[in-house]
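Below, each chain spelled out in residue letters.
Number of protein chains: 4
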Amino acid sequence: MCGIIGIYDTENRDISKILYYGLYALQHRGQESSGMAVNNNGFIDYHKDLGLAHEVFSEEIINRLRGNVGVAHVKYGTNGEPNSINAEPLVVGYKKGALAISSSGKIINAEEIREKLEDEGTIFATDTDAEVVANLIARFHKDDIEMAIVNALKSIKGSYTMILMTTDRLIGVRDPYGMGPLCIGKLGKDYILSSETCALDTIGAEFFRDVEPGEMVVIKDGKIKSIKSEKIYDKKFCIFEFIYLARPDSKIDGVSVYLARREAGKLLAKASPAEADIVISAPDSGTVAAIGYAEQSGIPYAEGLIKNKYIGRTFIEPTQELREQGVRLKLNVLKENVEGKRVVLVDDSIVRGTTMRRIVGMLKSAGAKEVHLRIASPPVMDPCYFGLDTTKKNLIAVEKSIEEIRESIGADSLEYLSLKDLIKGTGEEGVYCTGCLNGIYPMDIHKN
Amino acid sequence: MCGIIGIYDTENRDISKILYYGLYALQHRGQESSGMAVNNNGFIDYHKDLGLAHEVFSEEIINRLRGNVGVAHVKYGTNGEPNSINAEPLVVGYKKGALAISSSGKIINAEEIREKLEDEGTIFATDTDAEVVANLIARFHKDDIEMAIVNALKSIKGSYTMILMTTDRLIGVRDPYGMGPLCIGKLGKDYILSSETCALDTIGAEFFRDVEPGEMVVIKDGKIKSIKSEKIYDKKFCIFEFIYLARPDSKIDGVSVYLARREAGKLLAKASPAEADIVISAPDSGTVAAIGYAEQSGIPYAEGLIKNKYIGRTFIEPTQELREQGVRLKLNVLKENVEGKRVVLVDDSIVRGTTMRRIVGMLKSAGAKEVHLRIASPPVMDPCYFGLDTTKKNLIAVEKSIEEIRESIGADSLEYLSLKDLIKGTGEEGVYCTGCLNGIYPMDIHKN
Amino acid sequence: MCGIIGIYDTENRDISKILYYGLYALQHRGQESSGMAVNNNGFIDYHKDLGLAHEVFSEEIINRLRGNVGVAHVKYGTNGEPNSINAEPLVVGYKKGALAISSSGKIINAEEIREKLEDEGTIFATDTDAEVVANLIARFHKDDIEMAIVNALKSIKGSYTMILMTTDRLIGVRDPYGMGPLCIGKLGKDYILSSETCALDTIGAEFFRDVEPGEMVVIKDGKIKSIKSEKIYDKKFCIFEFIYLARPDSKIDGVSVYLARREAGKLLAKASPAEADIVISAPDSGTVAAIGYAEQSGIPYAEGLIKNKYIGRTFIEPTQELREQGVRLKLNVLKENVEGKRVVLVDDSIVRGTTMRRIVGMLKSAGAKEVHLRIASPPVMDPCYFGLDTTKKNLIAVEKSIEEIRESIGADSLEYLSLKDLIKGTGEEGVYCTGCLNGIYPMDIHKN
Amino acid sequence: MCGIIGIYDTENRDISKILYYGLYALQHRGQESSGMAVNNNGFIDYHKDLGLAHEVFSEEIINRLRGNVGVAHVKYGTNGEPNSINAEPLVVGYKKGALAISSSGKIINAEEIREKLEDEGTIFATDTDAEVVANLIARFHKDDIEMAIVNALKSIKGSYTMILMTTDRLIGVRDPYGMGPLCIGKLGKDYILSSETCALDTIGAEFFRDVEPGEMVVIKDGKIKSIKSEKIYDKKFCIFEFIYLARPDSKIDGVSVYLARREAGKLLAKASPAEADIVISAPDSGTVAAIGYAEQSGIPYAEGLIKNKYIGRTFIEPTQELREQGVRLKLNVLKENVEGKRVVLVDDSIVRGTTMRRIVGMLKSAGAKEVHLRIASPPVMDPCYFGLDTTKKNLIAVEKSIEEIRESIGADSLEYLSLKDLIKGTGEEGVYCTGCLNGIYPMDIHKN
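Chains as they are written, first to last, in this note's numbering: chain H, 28 to 475; chain B, 28 to 475; chain Y, 28 to 475; chain Z, 28 to 475.
The shape of chain H in the complex, shown without the other chains (with noise of 0.2 angstroms):
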């Protein structure tokens, strides 16, 4: 789903420091690639690589990034083999100068549009939506920039958020239906367009207030305006975003991610109990969930499995031979706290169910009684065509029920909470996209 950030100074701020720690902060929504690209009176200079953020910058390139309006991005990998190529921003020069893109979402005509600009006689240097984009503004050059975007925007269909970088404004955009999040921080007097909350935190920014959906904003000198969508439909966030995606100390939309999940711990232990003992997380992604269970529940929290945190990019991995042999590098099970124990064992959601079974199967190895499996959400049934990356083959839910799943996994019980109580955990209804968990998305979908 990537996360983008992008800030207009006017304070002579170190914008490139302040960028790449907001990469850092926004790191959990993308590892594949990291880049940055910064305005200096007009000539645009980026740098962009595979890796995250510490290891495709370095002092050296921090320092050559000056300037007073910047954009940065770290993708999150999705299709096919990782190439330097489709990082971002996209950086290109048009009629009216240079234009860097900052993208998150899936445009889901992106495809459609590609072949008319291609019957056009266009061609394509990236696989990236941000190119498609940039294609149709540089068609509408005539007009006033703003104008251009709105047009360009006109014809495109998806979930996505953009930060875009003129030679002399910073733009936010996010879609009709507001699927993805992007928040507008302030640094002093300063305007500041990020995914998430969690980054403006992290780079000491106030929290101003949510782009709306089908909201542009345009930031210049020090201030902002908005401008509305001609269409905007009713709000479709992607829920998985409160499930997995978002950080817990994000804010969206005024919805607390860390209250959300705990919310949907505490709903999961009410409509699902379990007689157990403890009450333990996989980790990290089920650990807000838990321990809003084992609030609820009464039931202690404990932790019944380590994770080992200094895995590394570049890490070798065991063969399988080794697998076999019982090598298991990212966790560890506490025996101490699960010998002898009922275990419930909580999570946020299960994809495939592969790791799944291997950590229900250690901590029975390690002497659990028995072990409870409760999902902090409902079963992932269908395919996401907005930039998730689920294809309906890999989904367990889809080719077994929850029994079948239960046993597959080799757990005493399974139950995922309900879609109601999912959303009634965010505080809000009506508001989400929820196409992987039921099959409704806000849109027409060509599906393959």
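Simulated from the structure, these hints should not be mistaken for lab results.
Watch out, some of these pointers could steer you wrong.
Below, a list of computed lysine-lysine pairs in the BS3-like style, where the Cα atoms sit at most 30 angstroms apart [unchecked claim]:
#	chain 1	residue 1	chain 2	residue 2
1	Z	Lys123	B	Lys133
2	H	Lys262	H	Lys123
3	Y	Lys123	H	Lys143
4	H	Lys133	H	Lys396
Let chain H serve as the given structure and place chains B, Y and Z on it in line with the hints.
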């Protein structure tokens, strides 16, 4: 305190990979350098450098390191500039062939012995204790290697655990006070030596037993034998291993680190209760004690601080200016959880107090009504002479009274666990070195 | 001027390695960046980056790049900061699939076309001429690819040679003036295209023939066909290729570079004799002409300057202070050879004069009695608009008379080869662009 | 044979940069590893690793290495796998403080001394002679450092030159036979020690004098003093330094390497003339002798082979298959120069003959009518025990007669320079070790 691991394989395993995963499990014991030496028919090949295991070892190097006996090391950096020359295992040649040593702890009369050896015309290529020990062993080369080690150890004093690899043996030693941890595992019928049991779990080995204080174990061809030191003192195990150093999923001399920390949290709640709405921990070090505190007190456990997990060794640190502008990298407050709340904040220990001051400030800014700081160990009042990186100068508890510390940190109340309760939590009494907490060391120290 | 090479393989060769060795042979034509694209059943994979071929390509990457058609490139850096985005081959998608372009030379109306394309809404991701050409080709996608290229080329003007790779063809083009070199080789029954014949020798291919001015050759399945441009002008090959750019072991349009340079040296000796004891060259560029000068004049050839061959791209340059203290990195004088001698110093050309001043100074300090500077080409008086990195500002011959140059360099005499003799040395007349020597360019230039 | 350089600075120079440029000038003496140690008020800091100087040292490291005395080293790789642990300078601590040693040559009784030291309980961390010497010096630590070195050297035998850095002195030693080169330069009023004079030229220093056989020079605070060994033998300088090892622009013990090689070429032309059209060299080693041969014979000198100068250490070598298909990387024939010609091909020496066979083959394929091979030194018939990497097994002249060598190489004639003429060319008689040419070594060798 360093992490050490060794294996004597008789079944043609891929031991360099096993050691690599072992180092990864022990990485919390040292991040300065990583190294590994393997014995291939009497020829010792090795690789070591500054950095984490996954940075130092590439697949190519791991594949090159082939043999049936191997020993590895991660170094806890203490004094001066990190220098790759001090990485271990130390590999040297002497009269009887090659010798590799992975050591942990601190020999307190190393300087004295070094001077005596220099008087005799010895040169030193490194600053390590291991080189001192290697020289002592080489002096006794006319003896059998086991006797040579026994004789060499007679003159050294301090806290040490070592794994030595000779041309045909793997040897583990633990000092006569048993100040540091060393355990034996079994992988099939083969023996493994490791600082902590968590490494055994990671590589799929079974725990066999701990090496005893003053014991030397010699492993050869799938057989193990034990040689006891003439002088064995009452065990004086480093209490800080339970407070902070060891991984919670390890068991040392029969005591679970997790249970000891949870019990510390419980005893802390009993002795130092607080009127509060939630219990949170300073991640990650205070988490287990915080869970115990919450369980005992009945106050709900919550996450109040979120730690960014993407920080790398090559990360660009913020300037002081950016820090003052509010850039906070490693931790973010969960405002929703702390706003308007009375918070119990639990950590394992306070050494210098700087981080704690920042955390309490963050909590207060986020709207915490009260912050009651509870420390699951007594004040650190005295230096450690046995390898822990604390010096009298930096210890806040030496310079300030508890009330002054509280004030300087900005907490509403501050209480420490008593030494008595700390020890009680481990379930064993009279077996600890508590020098840094009460100035009572197991042996005479030439204080500087 | 860049180096380009392409291959269409029908015999399952390891083409990425062949292209890699080809780039290595063409490395003298460009050191800024290196790149390669291969066609694997219609899917084009590629890798390119700043640096020499052996720095950019690892064995792993070369092994990954598998296919039956391939094209590669080394870039001669001209304007501005090196940026990896401008590395070639350019790889884009358009209506008919993937297209890769390796280009050399300079399209002088590229800026004009770029503006026209931007008017139509086109975006540009790079600063390369190749991207302009790709856009033009894509405009004609309804035509067959060969006609599309023919049509695209109609609007471009300048010096260019290109190798294009489509989903099923390898295509070479040379501009209608034939300003840059491009030849065809055979490897078994397969065809290869290359900037220079030295690359054919290196990879073990036979020279087949040169691509003619205004010719396009299309290679597919081991067959070659030729398409001639409607407009073909009198050949105007860049004379600087013979002076400096090409490798001496290449043969261009039937003329041996070595023989042309040696002949230039001989004619220089005839027209500008000197009373001297030895002939030396400024290594390595002046060596061939110096050998010719020595042979003609009967004055013995000797080495007067030794060049250090270990300099690397990452070398730390000396500060100005160290230079003034006498640190001289690349060249050392052979005092024994020049002391007390009257020296003829031969070089291929003088552009800015700084290096030559230093060299003459070194020779004088080493005791040379006289230094007679002989240049195997006429003064560079005008800028090159076709890709050579000379601007009017830096040209010493523009600012100073020959006598002033001599004085500023400190030589005892200075003579240049006449343009007539230079051309005579190549054995062909009326076929050269001599713009930088006499201001006569083959086409109208919009001078800046 | 390694390259060594040291400086004692009294004028606050940037000595790490000066040493770096010195290493670069001496790089031809060793490409396995590079290293440097500097003395900063008694504290010795250093850096060394496998690789060329420009690969091992970054600007950051060079800037870190600050001090007033420094010593540096490039290692010529001989035995076994390159291992960074054997890089020099060796830096150790002993009773009197720190000691750094850069050594060159081979101590032939090092193994014997090593065993004796091991008997006394000494350990060794490296395989270097320098560590043996350091141990011997440390044994005499009660003496003044100068006497300690004098005493240590009494027991070693072989070819050696060394630069030692103590806490307050820079010391150069040359063995009593003067087998290897070592000279003294002056930079302002400060002294420099270097393997060859070319490094002095590079860093802008003046040649002062050569260190004499059996001499030890001690430099301190801008003063130099000389200590002579009790035993000084007739000088036996390595003749291979003149044949191949030294750089042509160096002068050793008063003899110019260039002039010696040119004279060898001339004497070769006199003794072994050939009816031919051109004289060419095997680049770069045969160039100087070829120039001499051409001058003496009156046959024109020409370039017949062009060497690619872009090869790097990380270059991907062609497979045997590609070699057989004609891929030739380092050299290309200048067909124009050799086709139809009778060629004299001059090289400095033949060791194994493989490269020469390939070169002659290339010349013949390119159409050379005859190839007359002339070698500017006698056949290499015996191993070198003093550091040169030749073993009896690989020597073609041991296995074959000259006629057989000629046949195997494919030359039309083959002649070697006589030993008498070789020595005559240097202008000095009776002062050379010619062991590898005639089996007469200056000292008893325990032949293996």
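Results for each hint:
1. For the given pair, Lys123 (chain Z) sits about 24 angstroms from Lys133 (chain B) by alpha-carbon distance, which is consistent with the 30 angstroms threshold.
2. Pair hint Lys262 (chain H) plus Lys123 (chain H) does not hold up; C-alpha atoms about 33 angstroms apart against a cutoff of 30 angstroms.
3. Taking the CA atoms of Lys123 (chain Y) and Lys143 (chain H), the gap is about 13 angstroms. The hint holds against a cut of 30 angstroms.
4. Note on Lys133 (chain H) and Lys396 (chain H): the hinted pairing is violated, with a Cα-Cα distance of about 45 angstroms set against a maximum of 30 angstroms.
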